Amino acid sequence: MTIPLIQAMLNGNRRALARIISQVENDGPEARALLAELYPRTGQAHIVGITGAPGTGKSTLVNALAQLYRQQETPPKVGIIAVDPTSPFSGGALLGDRVRMQNMAGDRGVFIRSMATRGSLGGLARTTADVAMVLDAAGFSRILVETVGVGQAEVDIANMAHTTIVVEAPGLGDEIQAIKAGVLEIADIFAVNKADRDGVNRTVMALEMMLGSGMQVVSHHGRVMKVDTAAQTPAWRPPIVKTIALRHDGVSDLLQAIEQHRSYLWQAGQWQRREAERLRHVLLHVVQDEIMARFRRHVSEEQFQHVVAELLARRIDPYTAAEQLIDAVPQQR
Amino acid sequence: MERKIRILVAKPGLDGHDRGAKVVARALRDAGFEVIYTGIRQTPEMIAEAALQEDVDVVGLSILSGAHMALVPRIMELLHERGMDDVLVVLGGIIPNEDVKALEKLGVRGVFGPGASTQEIVAFIREELNLSPAPAVAA
Ligand SMILES: Nc1nc2c(ncn2[C@@H]2O[C@H](COP(=O)(O)OP(=O)(O)O)[C@@H](O)[C@H]2O)c(=O)[nH]1
Ligand SMILES: [Mg+2]
Numbered sequence: 001m002t003i004p005l006i007q008a009m010l011n012g013n014r015r016a017l018a019r020i021i022s023q024v025e026n027d028g029p030e031a032r033a034l035l036a037e038l039y040p041r042t043g044q045a046h047i048v049g050i051t052g053a054p055g056t057g058k059s060t061l062v063n064a065l066a067q068l069y070r071q072q073e074t075p076p077k078v079g080i081i082a083v084d085p086t087s088p089f090s091g092g093a094l095l096g097d098r099v100r101m102q103n104m105a106g107d108r109g110v111f112i113r114s115m116a117t118r119g120s121l122g123g124l125a126r127t128t129a130d131v132a133m134v135l136d137a138a139g140f141s142r143i144l145v146e147t148v149g150v151g152q153a154e155v156d157i158a159n160m161a162h163t164t165i166v167v168e169a170p171g172l173g174d175e176i177q178a179i180k181a182g183v184l185e186i187a188d189i190f191a192v193n194k195a196d197r198d199g200v201n202r203t204v205m206a207l208e209m210m211l212g213s214g215m216q217v218v219s220h221h222g223r224v225m226k227v228d229t230a231a232q233t234p235a236w237r238p239p240i241v242k243t244i245a246l247r248h249d250g251v252s253d254l255l256q257a258i259e260q261h262r263s264y265l266w267q268a269g270q271w272q273r274r275e276a277e278r279l280r281h282v283l284l285h286v287v288q289d290e291i292m293a294r295f296r297r298h299v300s301e302e303q304f305q306h307v308v309a310e311l312l313a314r315r316i317d318p319y320t321a322a323e324q325l326i327d328a329v330p331q332q333r
Numbered sequence: 001m002e003r004k005i006r007i008l009v010a011k012p013g014l015d016g017h018d019r020g021a022k023v024v025a026r027a028l029r030d031a032g033f034e035v036i037y038t039g040i041r042q043t044p045e046m047i048a049e050a051a052l053q054e055d056v057d058v059v060g061l062s063i064l065s066g067a068h069m070a071l072v073p074r075i076m077e078l079l080h081e082r083g084m085d086d087v088l089v090v091l092g093g094i095i096p097n098e099d100v101k102a103l104e105k106l107g108v109r110g111v112f113g114p115g116a117s118t119q120e121i122v123a124f125i126r127e128e129l130n131l132s133p134a135p136a137v138a139a
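Each protein sequence line maps, in turn, to chains A and B.
Read in my numbering, the first sequence has 292 at position 292, and its numbers run on one by one without any break.
Read in my numbering, the second sequence has 66 at position 66, and its numbers run on one by one without any break.
Keep in mind the hints are simulated off the structure, nothing from the lab.
Just so you know, not all the hints are guaranteed correct.
To be verified - Computed beta-carbon distance windows for the label pairs:
(1) L325(A) - R74(B): 43 to 53 Å
(2) R32(A) - K101(B): 22 to 32 Å
(3) P4(A) - L14(B): 34 to 44 Å
(4) L14(B) - V287(A): 28 to 38 Å
(5) E98(B) - D198(A): 32 to 42 Å
(6) S65(B) - P4(A): 33 to 43 Å
(7) G28(A) - G107(B): 22 to 32 Å
(8) N103(A) - S65(B): 52 to 62 Å
(9) K101(B) - N103(A): 55 to 65 Å
(10) L129(B) - P4(A): 21 to 31 Å
(11) D196(A) - R41(B): 54 to 64 Å
(12) D196(A) - E98(B): 41 to 51 Å
(13) M210(A) - E120(B): 52 to 62 Å
Claimed, not checked - Derived, one-sided and incomplete: chain B residues facing chain A with beta-carbon distance under 7 Å:
(14) A27
(15) E49
(16) L52
(17) E81
For clarity, every value in this text was computed on a predicted model and none was experimentally measured.
For each residue, glycine too, the CB sits at the ideal point set by N, CA and C.
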């Protein structure tokens, strides 16, 4: 039997969609049942991650990209998830990405959701992948995910997206140093935004240099793949696209690069592999969270404090203590 | 842990700056709320759509232009059309008394003048949402 809220969502009720997302985001009482029922409907969407330092123009680019998608001949429905950090002091958050995404309010084919990281240390919230699943099941075939852009944002988004765009902008200081270590490994596409500013070409050159001219070895999704010259499928070379997001300049080139990467994944037989990798990470996260949750359910704060006191008195070492605590957690939930 | 409360802060109408709205948005964040800030020049449609997509508990409007009697009824209507009558709508601005009455009849629950402190606004929202009076503590 279909959960009424899901039925409403599938009938195009946007409030139902918003409500389901909240349930999932809050890990509410119905979240599990909702996700279980929605999951078979997922797997249709192309998830595109947009990461890069704060202020490089990620939100403005997402806005321009979404509008361009919607202007295509057969426009895909576009879901947007924009993540901003939760304040560690108050637990509150100021989610301001919508400021740059104004013009799509009248378009039913676009759905924008802001998310706070809620204690997650990476560039995404713990439930961002789940929210993407909901949008996927609701028929949004392009999902743009804007990360916080600090910390380990790149790794997180590369693990959940099919295509990862790293946004750079000129004027962030020494080009080579400004380009974060690690982005080369995860970027499928580089967008050098604010191309109206001085220094764009220096940023582009710095990227080209870092990417290397020969491309003997191509990094893809954190995995270094040797280019097999005998193989029929050439490795993907991350293109560098100049954009002026504010003026929607170069955005069609960026969209084209995304669609090319999508075709590449399909043609090279990489899509399924990428999906498997993605789902592996999803599963790993859930397992970690579940184990921790089970631990918390069965080990009281009192018990925990008691063990801390034992540690303090040097009567037990952390490893033995952890083993004993874990052994006390029953196998069944 | 209490459920995260989500608040949309928007500035409808054509008047230019949003210093006041930003101050309130920050105060709400510091009180532990998740604030979706959409900035200036919002049409009623944009506000209702954002409130729906973000599934907010509260819509906070800042209107200094004097156009509240044109904007707020339309926003309330659009929220109603979307089945969002349960959303708490609060309004900040220079609102004459007779207008306050009319707006309250439309379902606006809190109207704050320019002299209102952010603490007052936070306390009002917490009370309306039946939250414990103490602000949320960091997790
Ligand atoms: N000059 C210039 N400014 C831009 C461009 N794209 C975005 N901006 C501005 O850069 C600032 C940050 O943009 P935003 O999209 O919020 O960046 P985010 O923090 O990466 O999401 C805003 O003031 C934008 O108006 C661009 O192409 N050129
Ligand atoms: Mg942003």
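Now the hints, each set against the structure:
Our hint of 43 to 53 Å for L325(A) and R74(B) is violated, since their Cβ atoms are close to 58 Å apart. The hinted range of 22 to 32 Å is not satisfied by R32(A) and K101(B), whose Cβ atoms lie roughly 47 Å apart. Between P4(A) and L14(B) the Cβ separation comes to about 41 Å, which falls inside the hinted range of 34 to 44 Å. Taking the beta carbon of each, L14(B) and V287(A) are about 52 Å apart, not inside 28 to 38 Å as hinted.
Distance hint for E98(B) and D198(A): a CB-CB separation of about 56 Å, inconsistent with the stated range 32 to 42 Å. Roughly 42 Å separates the CB atoms of S65(B) and P4(A), a value that falls within the hinted 33 to 43 Å. Between G28(A) and G107(B) the CB atoms are about 26 Å apart, so this pair conforms to the stated range of 22 to 32 Å. Distance hint for N103(A) and S65(B): a CB-CB separation of about 22 Å, inconsistent with the stated range 52 to 62 Å.
In this structure, K101(B) and N103(A) break the distance hint of 55 to 65 Å, their C-beta atoms being roughly 36 Å apart. At about 25 Å, the beta-carbon gap between L129(B) and P4(A) stays in the expected band of 21 to 31 Å. The hinted range of 54 to 64 Å is not satisfied by D196(A) and R41(B), whose Cβ atoms lie roughly 23 Å apart. D196(A) and E98(B) have their C-beta atoms about 50 Å apart, which keeps the hinted 41 to 51 Å range intact.
The hint said 52 to 62 Å for the Cβ distance between M210(A) and E120(B), and at roughly 53 Å that hint holds. A least Cβ separation of about 9 Å between A27(B) and chain A goes past the 7 Å threshold, and the interface hint is therefore violated. The criterion of a C-beta within 7 Å of any C-beta in chain A is met by E49(B), whose closest approach is roughly 4 Å, and the hint holds. Taken as an interface hint, L52(B) checks out: its beta carbon lies about 6 Å from the nearest beta carbon of chain A, inside 7 Å.
With its C-beta approaching chain A no nearer than about 10 Å, E81(B) sits outside the 7 Å limit, and its interface hint is violated.
Against the hints set out earlier in the document, violations occur for numbers 1, 2, 4, 5, 8, 9, 11, 14, 17.
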